[in-house]
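Protein chains: 2
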Amino acid sequence: MHHDFAFQIEASQSGARAGILHTPHGLIATPAFLPVGTQASVKTLDPDELDHLGASIILANAYHLYLRPGAETVQKLGGLHAFMSWRKPILTDSGGFQVFSLAHLVRVDDEGAVFRSHLDGSQHLLTPEKATEVQHQLGADIMMTLDECAPYTADKEHHRLAMERTHRWAARCLKAHTALESEVPGPRQALFGIPQGGTFADLRRESARTLASMDFAGFGIGGLSLGEPKEVTQEMVHEIVTFLPPEKPRHLLGVGSPEDLLEGIARGADTFDSVLPTRIARNGALLTPDGRMNIHNARFKTASGPIQADCGCHTCQRFSLSYLHHLFRCQELLGYRLATIHNLWFTLHLMRDAREAIVAGTFETFRKSFLERFPRTDPQVQQEQKAKWLNSARRRGSSMPNDII
Amino acid sequence: MHHDFAFQIEASQSGARAGILHTPHGLIATPAFLPVGTQASVKTLDPDELDHLGASIILANAYHLYLRPGAETVQKLGGLHAFMSWRKPILTDSGGFQVFSLAHLVRVDDEGAVFRSHLDGSQHLLTPEKATEVQHQLGADIMMTLDECAPYTADKEHHRLAMERTHRWAARCLKAHTALESEVPGPRQALFGIPQGGTFADLRRESARTLASMDFAGFGIGGLSLGEPKEVTQEMVHEIVTFLPPEKPRHLLGVGSPEDLLEGIARGADTFDSVLPTRIARNGALLTPDGRMNIHNARFKTASGPIQADCGCHTCQRFSLSYLHHLFRCQELLGYRLATIHNLWFTLHLMRDAREAIVAGTFETFRKSFLERFPRTDPQVQQEQKAKWLNSARRRGSSMPNDII
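Here the protein sequences line up with chains Z and D, keeping their order. So the first sequence is numbered by our numbering: it starts at 1140 and just counts up by one. So the second sequence is numbered by our numbering: it starts at 1140 and just counts up by one.
One should not assume that every hint holds.
The list cannot tell twin chains apart, which means a pair is met if one copy fits it or any two copies do.
[Claimed, not checked] List of simulated lysine-lysine pairs, DSBU-like, C-alpha gap at most 30 angstroms:
(1) LYS1440 x LYS1295
(2) LYS1440 x LYS1269
(3) LYS1314 x LYS1269
(4) LYS1440 x LYS1215
(5) LYS1314 x LYS1440
(6) LYS1227 x LYS1369
(7) LYS1227 x LYS1440
(8) LYS1387 x LYS1227
(9) LYS1295 x LYS1215
(10) LYS1387 x LYS1507
(11) LYS1507 x LYS1295
(12) LYS1369 x LYS1269
In short, the hints are calculated from the structure, not lab data.
Pulled out of the complex, with its shape left as it was, chain Z reads as follows (with noise of 0.2 angstroms):
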C-alpha cells in the first residue's frame, strides 16, 4: 500500500502522457479509463471481474451514494472499498454534475446548491463542504471539487458568474479536505479542482490558471460533452490543459468513446471515465476495432465465431456471436455481463495499447491508423442521441439516468 499520491511522467509525445499515478490503494499506469461504478457497482461486474479486466482504478457517484445507501452507513461499513470488495483505487465526483445539469435543482447561491433527490424527492443542500465531507466519508483516493455546471447553452454572464463561484467554492473544497485530512488519521485522499468557463476559451483559462495556483493534486475537466459539437470539447480541452501544470494529473470526465479517448490523450488528459462501454454493452453494442456491432442483428444467429478472432477476453474466449445473440434475444442477464466484459476489456487494451505507444514515441501513428480503421459515429448523429438521452433522463425525472440493465 502506497500512501502517498505522486504523479511521474514516463514519456511524452507531443502533448499525449504516460505516467504513474500513486495513490493509497495502488498504482494507475496512465493514460487509464475508470469504468464507472455509479452506485457502488460497475453494472453487471464483480470486482474480481474488474480486475481480471486490468482495470486499476474505478469511478464511483457521490450523489447516488451519499442518497442511498448514505455516505455516513458507507463509513460506517469501512469506506467505499471495503463496502463495494474493491481493493484497487477509487475516485468520486463532486455530486455538483448530477445536481446541476441534469435536474431537480431547486436553487444555488454561494452557499451551495438545494436540489431534490430523484428517489424520494427530499430536499438537500449541497454545500462545498458537504460534498467534500460526503467524499471522505465515502474515502475514494481520488476527490472532486463541488464545481457550478452551468448550461452549455448559458450565455457568457452565466457562465463567468458560474467559474467565479466555481473558484470560490474550490477555494472551500481545499480549506476543508486540509481540515478534515489533519482531523482523520488514514491514508491521504487527494483532491482535483475542476475548471470551468462552458465553451469560452477565454474563460476556461483564466478558470485553469485560477485553480492552478491553488493547492489540487490535480485537476478534472468537466462542464464538457454537453451537446457542443466534437470539435469545440476537444479546443476546450486543450485550452484547459494549456494552463494546468504540467506536473499534476488530469481526469476528463464523462468521456469514453474509443475515438475520444484517443483525442483526449492527444491532448493531455492522463485519465478518463465514461458509461458509455457498459452501457451500450447492456444495449448490445459490442466495441472492436472496425466500429461498433449491434448484436441483436440477425445475422449473428448462426455464427459460432466470437466477437473478434484476436480478443483475448473471457467473453471472446469462451462464447461464440450465436450464443450472445441467443441471450440478447431471450434477454438473460448474462448476456449483457458478457458484452460488458468485452467493452471493458476492448476500452482498457486501447489505453494500455496509447501508453506503450506513447513511451514508444509512436502515438500519433497509432492513433491515425485507429481512427482510420474506427468508423466516427457521424457527429450529428450523436448530439442528437445525446439531446434524446438527456430529455429523456428528464422526463424520467431521474437526475441520473439510471437504467437497471
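Chain Z is already provided as a structure; the job is to place chain D on it using the hints.
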C-alpha cells in the same frame, strides 16, 4: 470422458441412496441437484461460476430451446454443451410440461400435442418422435420421454387416459431414440421414462410398473407439485419409486426447496431440478440453515457480516449483507447474481451433505436435524403462492414464466 451411461449405488439407508451416475460428459455424485438453465443459461451465471459452485449437471428446457434459437441451430453450432460452453452433463426435458400444464395447448390426440408458441403465437406439433429428435439435436446426456401431463384437478378417468397415452408415447420415444442412436455417431444419450397417473396411487403404481418393464436408462418422476398438498406429493413419489427398478436412477422433476429435496431423497429420488433456488434468489430470498432471509429487510442496511458466517460461497466470502441489501434496493444486476451464487451453493452443499450422511449411515439424523432448524413454509401459504404464480404465468400469456430478473 466416459462414453457409457451407468449408475452405481454406493450406499443406501431406508430408501435414500448415494450413487454415481456415469454420463458422456462426466460423473454425477447422487443425490444431486440440477440448476435450471431454461434458455441455455442458468440465469445470471457464467458456466465457470456453476463449475466453481460444484454443479455437476444442469437442466435445460427443450421447449424454450426448440422455439429459440431452434434445436437445429443448436445442433449446427455443435450441440448444447458447445453452444453454452458447459462441458459437464446436461439433462433436457421433453417440452411436455411446458406445453401441457401451463398454457397455449391447442389440442392433444394420440399423434401428439398441438400448441402455440408463447413468443409469436406460431403453431407447432409436438409428437413423441419430435420430442426425441429435438433432444437428440440438443445433445443432452439425459433426455426425457414426452408424457401427457393432465391437470392436477382433472378426474381419475382423465388421468387414466393421459397415463395410457403416456405409455404409448413412451414406447414411441424409445423406438425413435433407438433409431436415432443407431444413425448418428457420438456419445450415447440416455432416455428416461416418466410414469403418470396424477395423485391416484393405483394409477401411479400401474404406470411405474408399465414403464419399468421398458428399456429406459432411468426414470423421471413428474406431474407432481402442481397444487396438491405436499404430503400427497411425497406419498406419490413413494408409490412410484416402489415399483421402479432399484438399479436405475430416478429424477424428481421440479423439486428444489431444501425441505422437499430432503424428503425426496428420503423416498429414493436420486436427482432433482427446480428454478426455486435461483428464482427466489432474484427476488431477494436467501437460503440459510435457519430458513429464508429477505435481503430487502431494512435491518440489513448496516449489517456488516455475510449472509451466513460459516458459508464458503463467493458471496459470503467477499460481500456483506449491507452491500447485498444496497444492490437489491438499487436493482443492481450484480445483486441477483450474488444471491444466486449463495442459494445454489447452499442447495448443492445440502445435497453433498446428504450424500455424505447416507454413506455414513446417518441420513435420518441429518434430515431430522436439518428440518427441525429450517422453518417449513406453511403448506397453505405455499399452495396459495404456487396458484398465484401459475395464474400470473397464464395471464402474462407465457407458457412458462420467463422472468428477466
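Do the hints match the structure? See the list:
Taking the closest pair of Cα atoms, LYS1440 and LYS1295 never come within 30 angstroms of each other, the shortest separation being 52 angstroms inside a single copy and 46 angstroms across copies. In this homomeric assembly, LYS1440 and LYS1269 come within 30 angstroms of each other (Cα to Cα) only across copies, at 23 angstroms, whereas the closest approach inside a single copy is 52 angstroms. Within a single copy, LYS1314 and LYS1269 get their C-alpha atoms as close as 12 angstroms, which meets the 30 angstroms cut-off; across copies the closest is 75 angstroms, which misses it. In this assembly of identical chains, LYS1440 and LYS1215 lie within 30 angstroms of each other by CA distance solely across copies; the values are 11 angstroms between and 49 angstroms within a copy.
For a Cα distance limit of 30 angstroms, the shortest separation of LYS1314 from LYS1440 qualifies neither inside one copy, at 58 angstroms, nor across copies, at 32 angstroms. In this assembly of identical chains, LYS1227 and LYS1369 lie within 30 angstroms of each other by CA distance neither inside one copy nor across copies; the values are 32 angstroms within and 50 angstroms between. Proximity of LYS1227 and LYS1440 under a CA criterion of 30 angstroms is satisfied inter-copy only: 24 angstroms between copies versus 39 angstroms inside one chain copy. Taking the shortest Cα distances, LYS1387 and LYS1227 sit within 30 angstroms of each other inside one copy (21 angstroms), while across copies they are farther apart (53 angstroms).
Taking the closest pair of Cα atoms, LYS1295 and LYS1215 never come within 30 angstroms of each other, the shortest separation being 44 angstroms inside a single copy and 63 angstroms across copies. Within a single copy, LYS1387 and LYS1507 get their C-alpha atoms as close as 27 angstroms, which meets the 30 angstroms cut-off; across copies the closest is 66 angstroms, which misses it. Neither within a single protomer nor between protomers do LYS1507 and LYS1295 lie at most 30 angstroms apart by alpha-carbon distance, with minima of 35 angstroms and 77 angstroms respectively. Taking identical chains as interchangeable, the C-alpha atoms of LYS1369 and LYS1269 are never at most 30 angstroms apart, the minima being 33 angstroms within one chain and 57 angstroms between chains.
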